[in-house]
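Undergrad: One letter stands for each residue in the lines below.
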Amino acid sequence: MTEISDRVPPPAPSISPEQIKAIPVRHYGRWVAGVVVVGLLVLIGIAFSNAKINYSVIPDYLFDPGIVAGAWTTLYISVLAMLLGVVLGVILAVMRLSSNPVTSTVAWFYIWFFRGTPVLVQLLLWYNISLVFPVLNLGFYKDEMNQVMTPVLTALLGLGLNEAAYMSEIVRAGIQSVDEGQTEASHALGMTQGKTLRRVVLPQAMRVIIPPTGNEFINMLKTSSLAYAVQLPELIKKATDISSTSLAVVEMYFVACIWYLFLTTVFSIVQYYVERRYARGSSRSLPPTPLQRMRKYLRMFGSFRRPEVAR
Amino acid sequence: MTSLAKDIAPGTGGHPMVRAEAVHKSFGLAHILKGIDLEVNPREVFCLVGPSGSGKSTFLRCINHLEKISAGRLYVDGRLVGYRQQGDKLYELKEKEVSAQRRDIGMVFQRFNLFPHMTALENVMEAPVQVKRETKAVARERAQQLLDRVGLGDRKDHYPAQLSGGQQQRVAIARALAMQPKLMLFDEPTSALDPELVGEVLDVMRDLAADGMTMIVVTHEMGFAREVGDSLVFMDDGVVVESGHPREVLTNPQHERTKSFLSKVL
Chain A
1 MTEISDRVPP PAPSISPEQI KAIPVRHYGR WVAGVVVVGL LVLIGIAFSN
51 AKINYSVIPD YLFDPGIVAG AWTTLYISVL AMLLGVVLGV ILAVMRLSSN
101 PVTSTVAWFY IWFFRGTPVL VQLLLWYNIS LVFPVLNLGF YKDEMNQVMT
151 PVLTALLGLG LNEAAYMSEI VRAGIQSVDE GQTEASHALG MTQGKTLRRV
201 VLPQAMRVII PPTGNEFINM LKTSSLAYAV QLPELIKKAT DISSTSLAVV
251 EMYFVACIWY LFLTTVFSIV QYYVERRYAR GSSRSLPPTP LQRMRKYLRM
301 FGSFRRPEVA R
Chain B
312 MTSLAKDIAP GTGGHPMVRA EAVHKSFGLA HILKGIDLEV NPREVFCLVG
362 PSGSGKSTFL RCINHLEKIS AGRLYVDGRL VGYRQQGDKL YELKEKEVSA
412 QRRDIGMVFQ RFNLFPHMTA LENVMEAPVQ VKRETKAVAR ERAQQLLDRV
462 GLGDRKDHYP AQLSGGQQQR VAIARALAMQ PKLMLFDEPT SALDPELVGE
512 VLDVMRDLAA DGMTMIVVTH EMGFAREVGD SLVFMDDGVV VESGHPREVL
562 TNPQHERTKS FLSKVL
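Just so you know, the protein sequences line up as chains A and B, in that order.
Heads up: the first sequence at position 38 corresponds to 38 in my numbering, and the numbers run straight through without jumps.
Remember, my numbering sits 311 above the position in the second sequence when you count from 1.
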């Protein structure tokens with residue numbers, strides 16, 4: 001790191017010493033562990049391949065139009081519910097931290113209720129909301145509640161409102177992690193509470209907020225399968241529908257799992273790069289990308305290559 | 312270095328820049344300030360010294376209403392800080408009005424408090440754009456000038472984590488100056504710095520004083536106080552023990568407490 005550029009460098013020694021060429025420490029334990037792991041994997045693979053599962057149908061159904069449509073529904077309901085959760089979560093977190101006792105109490109009760117009851121029950125409650133409000137009357141818009149509450153809207157409300165309770169706690173932790181000096185500096189410059197929150201506190205809180213939010217999103221991708229119970233045609237519902245006619249029950253769940261794994265993998269990668277974006281300024285250099293890291297791990301595994309010379 | 316603060320609006324109408332009348336401050340049961348009376352004139356460099364816990368930082372933070380005073384009156388440029396007086400009643404100012412008052416008062420913190428997610432240039436641009444609604448182009452040009460003047464024009468794209476402590480503090484001074492304040496508050500600006508970096512920050516402050524900025528400086532740098540200060544106040548245990556011209560107070564202290572404090576720091 002350059003400190004002050006105009007500093008005179010110390011006089012270089014006249015003879016540079018010989019580069020060290022030592023034999024690196026051998027990590028035999030790593031090789032043993034690697035062999036054990038591979039052995040176990042082979043055993044599990046053999047067990048699964050001898051099971052009474054008809055693997056050959058999996059590729060046939062992997063890109064079945066119904067399955068692809070289900071995966072698409074899973075994806076968009078998760079994204080929408082997460083968006084609702086994040087927006088409402090930020091609002092709830094700010095309410096909870098507010099000095100206004102009314103807003104902080106409201107937020108507290110919201111979190112208490114939505115975290116304290118199962119998502120499945122919340123989904124079913126929204127599904128049956130017409131028992132409470134048979135007619136939706138917004139003044140300018142009036143309709144039977146059963147017409148309004150489509151499976152998509154039911155799933156969106158059930159999953160999103162539940163997520164908001166969790167997100168608000170994550171956002172609150174993030175906001176509280178930002179040094180108080182930041183708020184003071186911002187106030188001293190004449191910025192209002194709202195500006196301070198938007199321009200100074202939240203961008204810094206993001207670093208703390210993003211990793212658990214990525215976690216929540218990946219959780220959401222899978223929790224959305226509960227919307228099966230409110231007739232949302234998502235991945236699990238589609239897989240079950242097909243299995244009832246094709247009789248390939250477990251095989252269809254394998255198909256669904258492949259899709260879930262694909263979706264979570266893609267989003268793990270997205271999350272990684274979002275984290276990198278918000279790490280700006282927090283350290284002197286950005287963390288390595290996965291590719292860079294993979295190369296490093298390969299090097300670490302032994303001494304296939306010559307040892308890295310400290311620069 | 313050219314003029315750091317050529318746009319300073321000098322205090323208007325002949326009243327002092329800061330006037331404190333029997334200012335008290337308590338945190339719960341802790342009585343921190345026990346009646347501070349003082350005046351700071353426009354273009355004056357006013358040094359606050361004293362042992363830690365004497366209330367000097369708290370008093371400084373009262374001036375821009377980061378802390379609310381518990382009793383007394385505090386005026387900046389003839390206006391009551393944080394309140395509006397109508398008849399004999401005091402009304403708390405709304406958040407927006409408090410923010411408006413703070414715009415004219417720059418503050419530099421012991422721990423710099425730069426925004427770590429913004430580059431040096433963005434730090435300096437932030438308040439003019441967000442608070443004064445200046446266009447980005449105008450703010451950028453002024454920010455560049457200010458960074459040039461504190462000697463960091465070539466570091467504008469560095470994030471705070473990539474700057475040394477002294478460089479960070481100079482950016483923080485530029486950031487405060489970007490709002491064209493009429494008063495600058497310095498809260499131990501060199502206390503968190505390595506000894507070899509103190510000088511560069513004091514140099515910037517010296518230039519600022521020469522340009523006629525009104526400055527209130529909480530400091531342990533007695534050399535700076537003696538050389539640059541116009542007045543000096545020694546505080547202990549929430550009261551002003553002694554005040555006067557820095558050279559007089561520092562070389563010929565009258566009170567026992569001042570004497571014992573100075574014997575430890577000089």
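Each hint should be verified, as a subset may be incorrect.
[Said to hold, decoys possible] If you want the ones that stay clear, here's a sample from chain A, every Cβ over 12 angstroms from chain B, calculated: (1) I23; (2) I91; (3) W108; (4) T150; (5) G190; (6) T192; (7) R199; (8) V200; (9) Q231; (10) P233; (11) A279.
[What the hints assert, rightly or not] Restricting the straight-line Cα-Cα distance to at most 27 angstroms, the calculated cross-link-like pairs of lysine-lysine (DSSO-like) are: (12) B/K400 to B/K443; (13) B/K443 to B/K467; (14) B/K467 to B/K407; (15) A/K296 to A/K21; (16) A/K195 to B/K443; (17) A/K195 to B/K407; (18) B/K447 to B/K467; (19) B/K379 to B/K467; (20) B/K575 to A/K195; (21) B/K379 to B/K345; (22) B/K345 to A/K195; (23) B/K345 to B/K570; (24) A/K195 to B/K447; (25) B/K575 to B/K345; (26) B/K405 to B/K443; (27) B/K400 to A/K195; (28) B/K405 to B/K379; (29) B/K407 to B/K443.
By construction, these hints were calculated from the structure, which means they are not laboratory data.
Ideal placement from N, C-alpha and C gives every residue a C-beta, glycine not left out.
Undergrad: Against which earlier hints does the structure fall short, listed by number upward?
TA: 5, 6, 7, 8, 11, 12, 14, 19, 20, 22, 27
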